[in-house]
Structures are given as structure tokens and as C-alpha cells.
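We have chain A already, so just place chain B on it with the hints.
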Amino acid sequence: MLDKLEKIEKEALKTLASVKDKANLEKWRLAKIGRHSPMMNMFSQMASLSKEERPAFGQGINRLKALLEKEFEDRRAHIKQAELEESLASEKLDISLPGRPVKMGRLHPSTQNLRRVLGILAEMGFQVYTARDVESDEYNFQLLNIPPHHPAREMQDTFYIDTGNNDESEKQVLRTHTSPGQVRAMREFSSQNPDNPPPIRIALPGMCYRFEQITARSEVQFNQVEGLVLGQTITFGDLKGTLSEFARRMFGSHVKTRFRSDHFPFTEPSAEMDIECYVCGGKGCSVCKKSGWLEILGCGMVHPSVLANGGYDPARYSGFAFGMGPERQLMLRHKISDIRYFWGNDIRFLEQF
Amino acid sequence: MKLPVSWLKDFVDLSGLEIVDIARILTMAGLEVEDISFAGLPLPKKDDHGFKVSGIEWDRDKLLVAEVSAVNPHPNADRLVLCDLFDGKEKHVVLTGAPNLFKYKGQGKLPKTLKVAFAKESAVVYNGHSDAIELLKIKKAVIRGVESSSMVCSEKELGISKDHEGIIIFDDDAPVGMPLADYIGDAVLDVKINPNMARNANVLGVARELAALTGRKLIKPNYNFDTSGASLYGMVKIDISQPELNPRFVLGLIRDVKIYPSPYWVQRRLRAAGMRPISNVVDATNYAMIEIGQPLHAFDYDVLEKRKGPQDKITILTRTASQGEKLVTLDNVERTLAPSNVLVCDTKGALSMAGIMGGLESEISGKTRNILLEGAAWNFINIRRTANQHNLPSEASFRFSRGVHPALAEEGLRRCLYWMSQWSGGKVAPGIVDEYPLAPKQSLVKISQKDIKRSLGIEIPLGKAKELLESLEFDCAFEGTETLLVKAPLFRMDIGEGIVGIADIMEELARLYGFENIPESLMADPLPPQRGNPSLEAENRVKDIMVALGLQEIISHRMTSPEIEQKLLPAGLRGELPEYVKLANFIAPEKRVMRRSMLSSVMNVMELNFRQKESLALFEIGSVYIPKAGALPLEPRRLAFAMSGKRTEAAWDSKPESNYDFFDIKGVIEALFAALHLNVKYVPSVHPSFHPGKCAAIDLDGSGLGVFGELHPELAEHYSGNAPVVAADLDLEAILAALPSGYPINAISEFPPILEDIALVVDEDMPADRVESLIKKSGGEKLVAARLFDVFRSEQLGKGKKSLAYALAYQSPDGTLNDKDAADIRNRIVAKAEKELGAKLRSS
Numbered sequence: 000m001l002d003k004l005e006k007i008e009k010e011a012l013k014t015l016a017s018v019k020d021k022a023n024l025e026k027w028r029l030a031k032i033g034r035h036s037p038m039m040n041m042f043s044q045m046a047s048l049s050k051e052e053r054p055a056f057g058q059g060i061n062r063l064k065a066l067l068e069k070e071f072e073d074r075r076a077h078i079k080q081a082e083l084e085e086s087l088a089s090e091k092l093d094i095s096l097p098g099r100p101v102k103m104g105r106l107h108p109s110t111q112n113l114r115r116v117l118g119i120l121a122e123m124g125f126q127v128y129t130a131r132d133v134e135s136d137e138y139n140f141q142l143l144n145i146p147p148h149h150p151a152r153e154m155q156d157t158f159y160i161d162t163g164n165n166d167e168s169e170k171q172v173l174r175t176h177t178s179p180g181q182v183r184a185m186r187e188f189s190s191q192n193p194d195n196p197p198p199i200r201i202a203l204p205g206m207c208y209r210f211e212q213i214t215a216r217s218e219v220q221f222n223q224v225e226g227l228v229l230g231q232t233i234t235f236g237d238l239k240g241t242l243s244e245f246a247r248r249m250f251g252s253h254v255k256t257r258f259r260s261d262h263f264p265f266t267e268p269s270a271e272m273d274i275e276c277y278v279c280g281g282k283g284c285s286v287c288k289k290s291g292w293l294e295i296l297g298c299g300m301v302h303p304s305v306l307a308n309g310g311y312d313p314a315r316y317s318g319f320a321f322g323m324g325p326e327r328q329l330m331l332r333h334k335i336s337d338i339r340y341f342w343g344n345d346i347r348f349l350e351q352f
Numbered sequence: 000m001k002l003p004v005s006w007l008k009d010f011v012d013l014s015g016l017e018i019v020d021i022a023r024i025l026t027m028a029g030l031e032v033e034d035i036s037f038a039g040l041p042l043p044k045k046d047d048h049g050f051k052v053s054g055i056e057w058d059r060d061k062l063l064v065a066e067v068s069a070v071n072p073h074p075n076a077d078r079l080v081l082c083d084l085f086d087g088k089e090k091h092v093v094l095t096g097a098p099n100l101f102k103y104k105g106q107g108k109l110p111k112t113l114k115v116a117f118a119k120e121s122a123v124v125y126n127g128h129s130d131a132i133e134l135l136k137i138k139k140a141v142i143r144g145v146e147s148s149s150m151v152c153s154e155k156e157l158g159i160s161k162d163h164e165g166i167i168i169f170d171d172d173a174p175v176g177m178p179l180a181d182y183i184g185d186a187v188l189d190v191k192i193n194p195n196m197a198r199n200a201n202v203l204g205v206a207r208e209l210a211a212l213t214g215r216k217l218i219k220p221n222y223n224f225d226t227s228g229a230s231l232y233g234m235v236k237i238d239i240s241q242p243e244l245n246p247r248f249v250l251g252l253i254r255d256v257k258i259y260p261s262p263y264w265v266q267r268r269l270r271a272a273g274m275r276p277i278s279n280v281v282d283a284t285n286y287a288m289i290e291i292g293q294p295l296h297a298f299d300y301d302v303l304e305k306r307k308g309p310q311d312k313i314t315i316l317t318r319t320a321s322q323g324e325k326l327v328t329l330d331n332v333e334r335t336l337a338p339s340n341v342l343v344c345d346t347k348g349a350l351s352m353a354g355i356m357g358g359l360e361s362e363i364s365g366k367t368r369n370i371l372l373e374g375a376a377w378n379f380i381n382i383r384r385t386a387n388q389h390n391l392p393s394e395a396s397f398r399f400s401r402g403v404h405p406a407l408a409e410e411g412l413r414r415c416l417y418w419m420s421q422w423s424g425g426k427v428a429p430g431i432v433d434e435y436p437l438a439p440k441q442s443l444v445k446i447s448q449k450d451i452k453r454s455l456g457i458e459i460p461l462g463k464a465k466e467l468l469e470s471l472e473f474d475c476a477f478e479g480t481e482t483l484l485v486k487a488p489l490f491r492m493d494i495g496e497g498i499v500g501i502a503d504i505m506e507e508l509a510r511l512y513g514f515e516n517i518p519e520s521l522m523a524d525p526l527p528p529q530r531g532n533p534s535l536e537a538e539n540r541v542k543d544i545m546v547a548l549g550l551q552e553i554i555s556h557r558m559t560s561p562e563i564e565q566k567l568l569p570a571g572l573r574g575e576l577p578e579y580v581k582l583a584n585f586i587a588p589e590k591r592v593m594r595r596s597m598l599s600s601v602m603n604v605m606e607l608n609f610r611q612k613e614s615l616a617l618f619e620i621g622s623v624y625i626p627k628a629g630a631l632p633l634e635p636r637r638l639a640f641a642m643s644g645k646r647t648e649a650a651w652d653s654k655p656e657s658n659y660d661f662f663d664i665k666g667v668i669e670a671l672f673a674a675l676h677l678n679v680k681y682v683p684s685v686h687p688s689f690h691p692g693k694c695a696a697i698d699l700d701g702s703g704l705g706v707f708g709e710l711h712p713e714l715a716e717h718y719s720g721n722a723p724v725v726a727a728d729l730d731l732e733a734i735l736a737a738l739p740s741g742y743p744i745n746a747i748s749e750f751p752p753i754l755e756d757i758a759l760v761v762d763e764d765m766p767a768d769r770v771e772s773l774i775k776k777s778g779g780e781k782l783v784a785a786r787l788f789d790v791f792r793s794e795q796l797g798k799g800k801k802s803l804a805y806a807l808a809y810q811s812p813d814g815t816l817n818d819k820d821a822a823d824i825r826n827r828i829v830a831k832a833e834k835e836l837g838a839k840l841r842s843s
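Those protein sequences? They're chains A and B, same order as listed. Position one of the first sequence corresponds to residue 0 (numbering that gives the first Met the number 0), numbered consecutively onward. Position one of the second sequence corresponds to residue 0 (numbering that gives the first Met the number 0), numbered consecutively onward.
One chain only, chain A, in its complex shape:
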């Protein structure tokens, strides 16, 4: 009987070694360790054995059963692993094939940069104040110290509105700068408390217009962001400190600034802030046109007449204002040589941002 067991074992192990897949393994299982397998049939023959033979046979067959079951499990694990490996190998992709296009919405680059500028200004306590595009001559010019026929008007070629009314004082224009918003804001805030107007710290973004031909370098419309600070202790030193801080947040923590004298009718003293060219570090390159500096914003202490026009007593209040062009910043940062791209809205331009 034990011989028989030995024979079964040998035969079972031999056939198991040649089983390579799940289906044959199952066949093997049914044939070798299944309920009707020769091995299982041997159990029923136990009764026919003598008392002396039984223990040895019992031990033998139990060992055989355990052995075959373990071998079966090992084989099954082996086959599963092999099949997995084969399947993984056969499913290998050319990962260099392009992904499926995803439709992605984007903000216009000007909006993106406008948000960045306004975000930095907001961190510095500047609230956004928006004003209108079509302005009166009074707000766009006169209240900002630019009377009719003043030479400063030549600095800004103006679009006039045909209102059918030729009265000088009734003239309407497309705002040439965001500065009329300064006076609108000052008047709004000072009217809340005329004797003691509140301090102001605002950012005025908006589209401005200049009567120019559209070329690679000039546009009829462009965004401007203006800032206005009014209070009782604001100085030119504060202007420099605040705007240098803005420049560091906007262009990098190590950026150097330079303030040089300039002229705006609505500020006095007036200045231009340059930053050291961030492309060449001030050595001179094509972006800064070899100058090492980039002109970033115009600024100055608010002119006493403008303060008075806004309802703020120039003897008690002082402040500064500044203005910059978000599109110009983008052109410098991305080396865009043609300003017409912005309102041209060619999808091939917009999708690069």
C-alpha cells in the first residue's frame, strides 16, 4: 500500500511540474487531490487494513495529502505570478504617444497680470476702486491740473466724444489715464466726512485710450493700474519705500529700484521708477535696450490743487499716486515685441499663457 502511495506521489509531482496554466492546474487538482482522485480513494481503503498497518499508512497518506495540497498552492501562486507578468508585459504602452487633448479655459494674459498686480497691492492695503471709461474733460484733465490748451495735453493724444455739443466745459473724452478715478474716489470719500476726510489707499485699474495709430508699439487702448495714498503723514520717502516694496514683490525680492525726476501735471514732485533689468541684472541687454534699467511706473506726491479738487485740505493732507501699464510688464517679461497681440485675441497667442 505504501508503495502505491509512493507511486501516486511520484506521478502527481511529475505531472504538476508540467502544468503551465490555470485550466490545466484545475484539471490536475481534480485528478490528483479531488474527491474522486486515486489518493482520496486510498482513504476509503484504510478500513481494509490491519491494525498494525494502519498507523503507518495513515501517516503516509496524510503526509501525501498535505504535500500535494502545498505543491498545488505553490504551483497556483507561481502560475498566477507568471500570468500577471505575461499580461503586464503584453500591455506595455508607447508612453510617448500624445495624451488626449483636454479643453482648458484660460484668462486673457492681461487679466492674469492685472490680478497679480492688484493682488500684491491688496496685500499692501490697497483696495480696488473702479471708475468709468468715458469721462468728462473736467475729470480727465481740468481737475488734474491740465487746463484747456495746456502743453501737457500734448503728452496724451485724446479721443473726444461727439456729443453734438461743442461747449468746451461739456466735452467728453475716453479717459487717457486712470487718474480721473483719483478725483472721483477723493470726492466720494471726502463727502462722507467733509471736515475730516478718511485716509485713502486704493488701486484703480482700467482701460485707457490714446488717439494713436495702431502699430507694433502703440495701441489705442491699454490697461493702467493707478495707486493713490492719502493721509496726514505721507511723504516722498513713503512713496519710495512703498513702491520699492511693490517692485520687490512683483519682480523679485532682490530687485533694485531707481527714482528719477519726471513730470506729471497732477503730482509734484513727480518721478519715474525704474527697476534694474531682471533679464541682464543691469548689465545691458536687448530687453532693457542696453540701459540696464526698465521703466516701470510713473509716480509723485499728489499736487495740492488736486487734493483740494478732491475735497482734501492740502495743508493737512498729503499723499502719493502712481501708475503703471500691465501690458508693458507682460511685454517685458515674455519678450513680446508686438503690442497688437493683446487685443488681437489670436487664439495662438492666448493659449500660450
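Please note: incorrect hints may appear among the correct ones.
[Stated by the list, open to error] Incomplete in silico selection of chain B near chain A, CB under 10 Å:
hint : residue
1    : K45
2    : I517
3    : A547
4    : K581
5    : V604
6    : F618
7    : L631
[To be verified] Covered by chain A, according to a simulated footprint, are these stretches of chain B (three or more residues, beta-carbon under 8 Å):
hint : stretch
8    : 18-31
9    : 492-504
10   : 644-656
Think of the hints as simulated: they come from the structure by calculation, not from any bench. Remember, it's a predicted structure, so these values are computed and weren't measured experimentally. We treat Cβ as the ideally placed atom computed from N, Cα and C, and that holds for glycine.
Same frame as chain A, but now just chain B:
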């Protein structure tokens, strides 16, 4: 303004300063140097000097002053000559074709040598024959059988000006053998003159600034000259009719001038400053103007003498033109004058357009002997208008239209007479006739150290402030110890009084002290209340939602034309044009009004991009402009968007299938309003821009928020697109006004939902949203979802019927629902649907 550095050096010692240092000092102080053009002097060595530079440095060994002693004919060429030339060390024979030497040809040894600019072999100069700016190195060559290895130069070849009419012939006193760089080497600064710097539109003004900024002394010009002959007093009379237009008029007389070309150095400076030399006396007026800033006008005295009656005195009148009055100006154009134009006249009539251009008749000619010289002050606004009106920009009107102080009328006149007497051999008559009816007030400002601290944030002691201001010729005096009385110098008109004057003085102090020396500080002022800008924040939220929904933002020109906006209407449906905000001046007819239609802006950009991509989805948010009689226009913001082309983009394993249609844009709109928590309804609508069967209006509690749909098929021609366009035009102001201040969030049930589908058969014209809202209403709060997943028509259902199939979910926050609960809800829905909509449950 073009400013030769050599000229500046007449008035301030600039030794020890590089050209770029000078440019930097001026730029930092508000006289921005836009570029530097070198002609002879060494160019900056490093690149990081901060300026745009051009030009060349002249080699000191190879470019020299030389003298020509004879001009001989070329043996084989009529148009060339051979010059015997001495460069101080060696003799040369130099070949040239310069036309201004022809007259000396074949005269043998010249009685007086000609001083010329000589370039030796291998010197680098500009190519005088090339229109482009091109350098060349002088090489040995044989020209028509004669060897040539050097040349005599024109101004163009040296980079001084564009002049290549002939070679430079220096004044007789030119030092032979001196390097040209030492003799006339120069650099020309192009300085931007801002309106507040009008006083510095001249050499003296810039020199004064430089002297003050570098702590050097200003060398004052010479205004004195010898006089002889009869005095001008009593010979002429001046009659000013409107002093506010002509505050001052000064006349001087110089007799027996001889008209010649000016000395070479004068011509060179004038050309470098951008003016054309004409003759010694005309050049003197221009030279004095560039130098001092006062435009001047020279009359031929003998012409005036002839015009007056035999018994009269010459009378100069200034007045405005009469209606239709005409004057032939010296450019030989007859100009019809406007009543606002100011004229200088004599008793017989107009002589010149004041401050703008002289008249032809009294112009200086080659025969002029005696000159009556005008120095006058004019109202800058009037001059500006006249110059613009007649389109006559000139160096004179540039200065007059920015303001020239009347004090300069006499100084300029004197300086000009000084140069005329130097250059023309004329004799200045004693006496200057001066009519000065309206002297401007000289500003007086009181400043204290507190003012300085308050404005600039720094402590500048008043003594130091006095010193700084005096360097710009302010007249300062202490009043006690705390106050400085500051009187503006006579040539300045930009200093105000009172608090404005203080600001003006602060600017001068800051410039002189140096902006870079004012330390940066952080604001100590309290932070104003932080209010935010809810309207802009909400606009930004809408933009973010649109982007999240896959649309690209665009920003268009806001100027358009009615014709462009009419493209949004089929030809047959165009009514009367709406009122537009119209531009009085426009750059092009297609940009002559401000837009009224946001959708038109979006469609223009769609059209532009149709060819770039097979799938487009664009949106824009911005203002449209609605005129309002007698007031500023309304500027409401709108949101418009459009989609067209393939719904998906092609990939390597899949081809794009169907095009965007009505339900794509409706999906965007539903998602937008869901994200904004606005519960809107959709109403079938008719709008001329849209397909009559595929257009809906958006309704919020009875008010409209906009329309959307498929664009009218006829518009396809107007926009030359292939695929249908679905578009929306929404009233952003109304949307933002309706935004809820907050919204509740539903709790999420822990218990499993029961899911089941029901299909209801309804009449074909039953709107789906009625069925859905009935299901939701009758389902009660345990019906948590009802999604339409199929619309089905078949013969079995019968003609005029459709089946709408909904996936329903029942769920309770309090426990698990059972089959009976589900049956109750379903039966309620079906019963209501049968009763109210005539629907039938479709048996599966």
C-alpha cells in the same frame, strides 16, 4: 532737443565728467537724455551706462586738421581733383570729388590755404555715398590711374550731420595738425523737454541745471556789444493792442551788415542742434534762440522804411488778425488767418505771424543791409493754437507754445545783436526800444523746515535749502530763523504761490538734493478701512467659472462701427441703428463708435480664429456704452460667449465627432447659474440674431438676464464660419445684482438611496422642464435626484408622443427606505403626472 556738449561747455566747466555721467545727471534730475550721438569723442567703454548711444570716436592719429595749398585737376577725370595737402607733419596728395573745391581747381598755389578735415590711410569714417549708416576703413586704391590712400571729409563722413554736399572747410584759424577729436570732437545729447522744463529748452538752461546739480559755477553769456550811429530811440514806435496776448515787445537795430555764410563752428553747432544754417544774420537769430531760449525775428529795416509814409515813423503794431486777412509767409505760402491769430504789423499791414513765421516781404535777403530785430513775448496758449491750426511746428513755436518768460525778450535780443555784430561786421545802433505792458508776477514762496519734512520726509536745514535753491538762481532770504522767503528767478514761469508754490519748491529741492538721497520709509499713516470691491470680486468669480467651464477669455477693442455690429442681424431684420457713443476723432471708420454689443465683439474674434482651430469656445466680460443725452454714457458690463466647431478635439486614436449645439451652450449656462446659486428658468424666445427655433431667454423671477441659442443661419455668411455657432449674451450687471449673499449646503445622508428609473409618455409638445419640475415637486423631499436620461419616440408610443425616462433616487436622512416607501413616492409622482400632464407610465 538736440544739445551739443561742446556748446554746453561755453557755460559750465564739465571737466572730469564723462559724457554718460552728464547724461545720467540730467536724466535723474528730470531732463531725460533719450540718446547720445557721438561725433569724435570717445564712446563709453562699458555697456551698462544706461543710454542708447550711436556714432564713432575719431582716431587721434589718423583724423587731423590739415591745410590744402593747391587744388589741381585730375589727369583722367573732370569731376575729380587732386589736393596738395599738409597735415602738420607730412605732405599728401589727396584725391576728392568734393564740389566745393572745384572753384579752386587749377588756380595753382592758393593765396590762403583751405583748412580741412583730413583722414589718413586706415582711418575709420562713415561711407558718405551710402544712404545706410555704414562704416568704412580708408584703404589704398587707384582711382582713374591715380593712387589714393587718404581723404578729405564731409560732415556726413565724420558722423556730424547728414551733410555730404561738400567737404568741411574750417574757419581760417583752425590749427593745422591738431587731432580733429580735440578741435571739434563732440557728443550730442537728445534731451526730452517735459512741459515743466520749458525754461530749459536751450543750452543755457541745461547748463544752469548741470552747474547746480554738480556744484559748479554757471558762466553767464555776454550780452554787451559796442554801439554806434544814430540811436534807435525815437526812430520806431511799438503799439501793443492786447498785452495779455503780447506782454512784451523789444526792438533793436543793427546797420551795415554783410550777408555771408556763418563761421564754420556756428554752422556745425546749428546742424548738430538740428537746424539748417542759412546766413550769418539768420543763423544769429537761431543760434541765440538755441542758446538762450528766446525765439527772435529779423526784419529787413529798409523794407519797413519803404512801406511807411514819408512823414511817418516806423510803427510796429501787434494785434489779432481781421476776418479773412491774408499774409504771404516766408515759405511763399499765402495763408488765410483766423481772428485769433496774432500778427506783427506796421501801419501798412501784416508783417509776420507772431511767434510762428515771418512774412515774405520783410524777410532777410542777400541784399539786406540794416536789420530791425524783434524779441517778443507771446501768450503760449494762443501760439499753440495758431501753430496747430496752420500746422506750422518750428523751433520757435515749440518754445513759444510752452512758455517763454518775457524777461528773456531783451536778453535774447541782446545776445543775438552780439552775435550779429561778431559775424556780419554790422554796427548795433544805440538804444533798445522796449514795450513791456504786462510783466508777470514774480512768485514769492515761504517755506519752513517743517514743509520739507512733511513733503519729502527728510530734514534739510533751511541754510542748506537756501544754498541749493540759489544754485538755480532762486533769490532766497531768511525771515526770522524758521522761514525762508524764496523768490523765483526771472526766467521761470512754473513756480506757483502759496501751497502750490511750496510743492513746486519741494520738487526743486528734491531734484537738487537728489531723489536717490531721500531714504525710503514705510507709511506710518493708519491703514484706511478695508472695504473690498464686491462688484469686481463677483465679476472675477464669473470669469473664474467661465474658465473652469473650459472657455478662453478674450479682451477686444471697445471701438467698433455700427456696420460691424449690424453683422449680428440678418439683412432682412435690420431696423434703425441704435444711438451710439460716437468718437469725434477716430483712427479708422471701423473704429468710430464705442461698442453696444458684447456679442459682436466676441463674434469678431470667433471669425478671426475659425481658421486656427476646429473647436472654439470664447468669452468676454466688459462694458458696452449707451449714450445718455446731456450726461456721461452708461457703461453696463455684459458677459458674452460663443462656441463653435467640434465638441472634442481630434486625438491620434479618435476623430472628433459632432459639433457644439444648443445643448452644449445650455450646459455651460446651467453650470454657470448653478455655480452662482441662481435658480433661473429658460423661456423659448425670439431674437433676430438667433435661430427662431433654437433660442431661449434666461428668466430670474420675471426679469431677463439674457438670451442664448444657435445663431441665425444667415449670419454664417457674415462671419464666414462653417459650423453652426451657439452663443449667449448676458446682462452681467443684472446677474451680479441678483447674487445671493449666502446659500445653505444640504447634509449628506448616511443611509443608502433606492435607485429606480421611470419613463413617462407625454405629448410631443410637452416641455421637458415641466415634467421634471412636476416630478421634483410631487416626489417630495425624499426624492433627492431626478435625471433625464433618455428621450424616446416610436410607432408603438404613437404619433405625437414621446417618452421621457428619468433616473430617480430616493433617500432619507433618518433611515433606510424600504420598497414600500419607494412605491409610495413613485405612485405619487405617476398619479400627479397622469393628472396634471396627461402622462402615462411606460410599461417596460
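Report the numbers of all earlier hints that the structure fails to satisfy, in ascending order.
none
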